[in-house]
Amino acid sequence: MTSQPDMMMPADLPAPAEAASSEAPWLAGLNPEQQAAVVAPDGPLLVLAGAGTGKTRVLTTRLAHLLLSGRARPWQVLAVTFTNKAAREMIGRVSDLLGRSVEGLWLGTFHALGARLLRRHAELVGLKANFTILDTDDQLRLIKQVIEAADLDPRSWTPRALLAIIERLKDRGHTPGNAPESELGDFAFGRSRELYAAYQERLLTLNACDFGDLLLHGLTLFGAQPDILADYQRRFRVLLVDEYQDTNVAQYLWLRLLAQAHKNLTCVGDDDQSIYSWRGAEVGNILRFEQDFPGARVVRLERNYRSTGHILGAASGLIAHNRSRLGKTLWTEDEQGERVRIASLWDDEEEARFVGEEIEAHQRRGGNLNDIAVLVRAGFQTRAFEERFINLGLPYRVIGGPRFYERAEIRDAIAYLRVVHQPEDDLAFERIANVPKRGLGDATLQLLRRTGRDTGQSLVAACRTLCATDELRPKLRTTLIQLLQDFERWRELTTRVPPREVAETVLEESGYVRMWQEDRAPDAPGRLENLKELVHALEEFESLGGFLEHVGLVMDNAADPAGDMATLMTLHGAKGLEFDTVFLPGWEEGVFPNQRALDEGGAKALEEERRLAYVGMTRARRQLTVCYAANRRVYNQWAASLPARFIAELPGGHTEFLMRQSVPEPQISGWFDDLKAGGRGPGFQRMRAAGKAPLIEGQARVLRSELPRSAHRLEVGQRIFHEKFGYGRVLAVEGNKLEIAFDKAGTKKVIDSFVAPA
DNA sequence: GGATTGTGTATTTTT
DNA sequence: TACACAATCC
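For the first sequence, the working numbering assigns the number -13 to the initial residue and increments by one for each residue that follows.
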């Protein structure tokens, strides 16, 4: 590996007019620390920015500043964001600051940038420039093939487990060749390395990459081609990284290589908001920055512009329980505001009812639903809220629900396009070979696979080989030849017409659209709608390749639905966002902190859960409500639950308890005694001193197990209306559950109280 | 090739 | 418990 001499920046740049805001109006309104970060001279810079301290603003302003002051040209900049959304916003903000659109920047997520780089040099790692980016589903299918090919039973050695091992290795920058023994695990009697290698080989044959490869191949490339690395090192005079606390080892190595020449790297992050260790993120990267980049400047942003004093105080008090942190003292000049409310509820239904009521009250006061968020630990928790909100007719949006690109019909359509674009994509080919049915059954596919493996060809090529022989039955042969010709024709089409038209033609001529048109299933019309939406989405793209790249990388949902709606999402999804009013339900041991996380990660995981709680709390500007339920259904069994230990850690001076009188809470009495070393936690002591500790006696009651029956009697065949899914027809009635074929939303099972006769 | 039955697992978070 | 998947039978 080449090592560049340690040197300072050449002095050929004009000394920028630092800090004089009359000459640099974009500095106006920034506090001294923010300004210091924006105008800091070349060299490694770490901006430790607490929640709500204007981190993104500083980063974008620094970028604009560097461009405006002539210290860098757009194409010399590499800027990394955590999500694609953040990338779009950053481009927008920089353009605003510059007063014109910026072009030529390398700006995006690690993966998007990795892909961009890899496309340029694909041949050097054994790929072609049009390689496919696989999603988890494809990966699992491929890994399953690998496991089976190794004569292992995928039931005892699950693809999911092997995928986890491989992803872990890739996150740490390990290829099959250099993965340390200690990190391989004992999968399949120590055959991880061999299986990993086989998987990588299969990927190359398929001309495909998984997410981890986008960076790993880059690292391999840089290692093997010092001249190419040197080119990029010279080119990228400025590197900017957002959310540095969530980078993994591979990303860190990638960055460090690229920053080697100019050592002009700005990283922004907050160790207290590191919440992605399960994806390989290493808090260590940010904690070690000053050792990794000697002479680094460190700027701390500690003035919070977002939250009230009580919210900030409560959040700071909580995070102070973590041991491994750099430590920051956030402060605000904002008013103290309302105390953080802690509400105890009977069960998850009452929790949802409570939040619903609070939101309605907010609405009655003239408040905006867009200012409200309900942030949950895990996706399944949204259900209770959705049901309640539908019942109340309360508009809401769920961020991060099932994704458009994961629907079966969309994946099928995309598989067609993938084969058109990249004939070696066997996974895509297998997906659609017999969809719609064209008599290519299991047996034929087996034959194709065997032929492909024996001759080292892709499935499409194997088809061609087989068609040239007379091994096949005439009918089958005709079918295959027809299919091959179709793909040839469609491929040729891509050179002449825009991608949208290609997609339309492919979907028509392949019979895929007809298949759904003829399908009598009630959700078929909805699927056809989705296909139309897909075709529509293609209009934005100039090439099929561009579209497929987008599909592979941009896993986020279609644009958030517009209008005034409350937001429902996971805590992870809420990173970087803020809302006036925030509800944090489900603060119960096992749910949050999540039991599985604790089982797997122990004390470290507990700290991460606490950081997650901190992230959630600091999303709130004016009002924050934490809730916990005394009872929760686990696998449909009622179980008493304990309030999260985090509740005991909130400083009593910033909180208040809302106890609902209507609800006896037997399990509550003495609950903190079971926690936190017998109730000796400081938070508990303070609460008790303040008379806030909940001490309610009561007796267990028989729990409700059924929803109230609907007032309407509904019968099979009846037309109904559902507040979320619209009009539909009843297919079946089972107790209080209905199966309904919705005109738009497909077939769903819903509770009868949510529907009304149309 | 499709329907039916049985079995095992699931609820963490996402680029 | 409920769903997804695989094996089995028609």
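Keep in mind the hints are simulated off the structure, nothing from the lab. Heads up, a few of these hints could be off.
[Claimed, not checked] Using 30 Å as the maximum straight-line C-alpha spacing, the simulated DSSO-like pairs for lysine-lysine come out as follows:
1. 71 - 314
2. 71 - 518
3. 461 - 423
4. 423 - 130
5. 518 - 423
6. 314 - 590
7. 130 - 314
8. 590 - 561
9. 71 - 461
10. 114 - 130
11. 114 - 71
[What the hints assert, rightly or not] Quick list of simulated restraints, FRET-style, between CB atoms:
12. 150 - 424: 28 to 38 Å
13. 220 - 352: 54 to 64 Å
14. 221 - 350: 51 to 61 Å
15. 264 - 109: 54 to 64 Å
16. 264 - 428: 47 to 57 Å
17. 428 - 171: 28 to 38 Å
18. 90 - 288: 30 to 40 Å
Just so you know, these numbers come straight off a predicted model, no measurement behind them. Glycine residues also receive a C-beta, built at the ideal position from the N, C-alpha and C atoms.
Taking the hints in turn, this is what the structure says about them:
1. Annotation: proposed proximity of residue 71 to residue 314 holds, straight-line Cα distance about 28 Å (limit 30 Å).
2. Restraint check: the Cα-Cα separation between residue 71 and residue 518 comes to about 24 Å, which is no more than 30 Å; the hinted pair holds.
3. Proposed proximity of residue 461 and residue 423 is supported: the alpha carbons are some 14 Å apart, at most 30 Å.
4. At roughly 24 Å between alpha-carbon atoms, residue 423 and residue 130 fall within 30 Å of each other, so this suggested pair holds.
5. With a C-alpha separation of about 21 Å, the suggested pair residue 518 and residue 423 falls inside the 30 Å cut-off, and the hint holds.
6. Note on residue 314 and residue 590: the hinted pairing holds, with a Cα-Cα distance of about 19 Å set against a maximum of 30 Å.
7. Of the pairs offered as hints, the one joining residue 130 and residue 314 is violated, with about 47 Å between alpha carbons and a cut-off of 30 Å exceeded.
8. With a C-alpha separation of about 20 Å, the suggested pairing of residue 590 with residue 561 holds against the 30 Å cut-off.
9. Under the criterion of a C-alpha separation no larger than 30 Å, the hint pairing residue 71 with residue 461 is inconsistent with the structure, at around 50 Å.
10. Proximity of residue 114 to residue 130 is assessed by CA-CA distance (about 24 Å); at most 30 Å being required, the pair is judged to hold.
11. The hinted pair formed by residue 114 and residue 71 meets the criterion: a straight-line CA distance of about 28 Å does not exceed 30 Å.
12. As the Cβ distance of residue 150 to residue 424 is approximately 36 Å, the hint placing it in 28 to 38 Å holds.
13. Restraint check, residue 220 to residue 352: a C-beta distance of roughly 58 Å satisfies the suggested window 54 to 64 Å.
14. Hint check: residue 221 to residue 350, Cβ distance near 58 Å, so the stated range 51 to 61 Å holds.
15. Distance hint check for residue 264 and residue 109: the Cβ-Cβ separation is about 34 Å, which falls outside the suggested range of 54 to 64 Å.
16. About 37 Å separates the C-beta atoms of residue 264 and residue 428, a value inconsistent with the hinted range of 47 to 57 Å.
17. Evaluation of the 28 to 38 Å hint for residue 428 and residue 171 yields a pass: the beta carbon distance comes to about 33 Å.
18. Against the hinted window of 30 to 40 Å, the Cβ-Cβ separation of residue 90 and residue 288 comes to about 35 Å, which satisfies the hint.
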